[in-house]
Amino acid sequence: MKDPYEILGVAQTASPEEIRKAYLRLAKKLHPDLNPGSKHSEERFKEVSGAYDLLSDPDKRRRFDGGEIDASGADRPHERFYKDFAADAAAGHPYENRSGYADFAETDDILAELLRRRAREARHARGPDLHYHLSIEFLDAINGATELLTLPKGGTLHVTIPPGIQEGQMLRLRGKGAPSLGEGESGDALVEISINPHRFFSRQGDDIHVDLPITLTEAVLGAQIRAPTPKGPVVLTVPKGSNTGNVLRLKGRGVPRRDGHGDEFVTLRVVLPPGPNPELEAFLSNWTPGTSYDPRRDMQS
Amino acid sequence: MNISKPDFLERAQLDHATLEVWIQEEWLIPSGTASEVAFSEMDLARAKLIRDLKNDLGVNDEGVGVILNLLDQMHGLRRALAELLQSARERSAPADDPSSMDQDKSRK
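First to last, the sequence lines map onto chains A and B.
Numbered per numbering that gives the first Met the number 0, the first sequence finishes at 300, counting up by one with no gaps.
Numbered per numbering that gives the first Met the number 0, the second sequence finishes at 107, counting up by one with no gaps.
Hints may be right or wrong, so weigh each one.
Unchecked claim - Which residues of chain B face chain A? A partial, calculated answer using Cβ under 7 Å:
1. ILE28
2. MET41
3. ALA44
4. ARG45
5. LEU48
6. ASP55
7. LEU56
8. ASP71
9. HIS74
10. GLY75
11. LEU76
12. ALA79
13. LEU83
14. SER86
As the list claims (entries may be wrong) - Estimated spans, in silico, between C-beta atoms of each pair:
15. B:LEU76 <-> A:ARG171: 34 to 40 Å
16. A:GLU17 <-> B:GLY31: 41 to 47 Å
17. B:ASN68 <-> A:LYS28: 19 to 25 Å
18. B:ASP55 <-> A:SER134: 45 to 51 Å
To be verified - Here are a few chain A residues that face chain B, going by a calculated C-beta distance under 7 Å:
19. LEU23
20. LYS27
21. ASP32
22. TYR81
23. PHE84
24. ALA85
25. PRO93
26. TYR94
27. ASN96
28. ARG97
29. SER98
30. GLY99
31. LEU113
Please keep in mind that the hints were generated in silico from the structure rather than gathered at the bench.
Backbone N, C-alpha and C define an ideal beta-carbon position, used for all residues, glycine too.
My request is simple: use the sequences and hints to build the entire structure.
Take a look at the structure:
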């Protein structure tokens, strides 16, 4: 940043009154609301007011002169000036004043027609879209649901969740946004969906993954067991001699998509019975599994 | 987003009596009813402008009214100019409106 004395055009020895005078002289010329079309004025005004903030505070000025602080950080935080609102405000705001050109519009047919057309278009402009955020349950995202979204400004909105919706997907509800400022149609409500995690299901694309605990008996002898799927439990055949880490595929039990369904992958996890088990201990101490049974073989270096 | 009167006074660094005068002079036109006025961010920016005019730019009360009236006319002119430019632009390229195409694409 430039030297604040230079910005204000005063000497280092200037008195506080001189500094204030210099600031006021520049502010009169540069105030952004008096120069609404000039980006340059706005930049300069920010510089000038930043410099004035620094030099009008005796303590800050002393520290700056002593080299303790530099001129950076003296910029005023971004301010919205009145002109920014006047430029953005919708037609019909309370301070609107058309007397600056009313005579042209009355006597010049072309101008009158153009302005009339713009006014008509503005009247028929769609209302703005409104953005919302909705967290839904994992299973509702897969199976579909109807959610009630409570709006911050009061009122509710029925949101139909299509089956198989994905994290971050945006639902557009036609005409549920803000009303038009004139006679146009309302804007849309845009609802961004986030999906809460499930206790045991996880999702990769259109496939569902689940860890399924089985007993030692079921693993060794094989069994028909009930496996959870997003649509409810189904019977799953665990083959004889199954092991922890084996993956079974339940075809078509995943997330619905346009051409059918994804799959569910069930990863088996053998779980020993809890607590000491004398019979199992007795059996295992007499049991010789054979030399090929070394689960850590691959880890030996 | 509406701002209540106490919040407005604090954010604009105004006292109650001054605000009443400004509203009476129609320098500020808050919405709402007489018993419960509501202010917008626009009103707040306008109040800061009036404060700048009076405190920093040495404008007296009569001058503030004149300046605000001229400023409002200037913003009206700027808006009319912007609308005319927009009309002229649409006339010169009526078929080429990418913004509306994008919207249709994102609609499902």
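Consistency of the hints with the structure:
1. ILE28: holds, 4 Å
2. MET41: holds, 4 Å
3. ALA44: holds, 4 Å
4. ARG45: holds, 5 Å
5. LEU48: For B:LEU48, the interface hint holds, since the closest Cβ of chain A sits about 4 Å away, which is under 7 Å.
6. ASP55: holds, 5 Å
7. LEU56: OK, holds: B:LEU56 within 7 Å of chain A, min 5 Å.
8. ASP71: holds, 4 Å
9. HIS74: Constraint on B:HIS74 satisfied, holds at 4 Å.
10. GLY75: holds, 5 Å
11. LEU76: Holds. Min distance 4 Å.
12. ALA79: It holds, given that the least Cβ distance between B:ALA79 and chain A is near 5 Å, below 7 Å.
13. LEU83: Holds, because the Cβ-Cβ distance from B:LEU83 to chain A comes to roughly 6 Å (cut-off 7 Å).
14. SER86: holds, 5 Å
15. B:LEU76 <-> A:ARG171: 34 to 40 Å: holds, 38 Å
16. A:GLU17 <-> B:GLY31: 41 to 47 Å: With Cβ atoms ~45 Å apart, the hint holds.
17. B:ASN68 <-> A:LYS28: 19 to 25 Å: holds, 21 Å
18. B:ASP55 <-> A:SER134: 45 to 51 Å: holds, 49 Å
19. LEU23: holds, 6 Å
20. LYS27: It holds, given that the least Cβ distance between A:LYS27 and chain B is near 5 Å, below 7 Å.
21. ASP32: holds, 5 Å
22. TYR81: Since the shortest Cβ distance to chain B is 4 Å, the answer is holds.
23. PHE84: holds, 4 Å
24. ALA85: holds, 4 Å
25. PRO93: A:PRO93 check passes; min Cβ-Cβ to chain B is 4 Å, inside 7 Å.
26. TYR94: Hint holds; A:TYR94 Cβ to chain B Cβ min 5 Å, cut 7 Å.
27. ASN96: Holds. Min distance 4 Å.
28. ARG97: holds, 5 Å
29. SER98: Where the cut-off is 7 Å and the nearest Cβ of chain B is about 6 Å from A:SER98, the hint holds.
30. GLY99: holds, 4 Å
31. LEU113: Holds: closest Cβ of chain B sits about 5 Å from A:LEU113, inside 7 Å.
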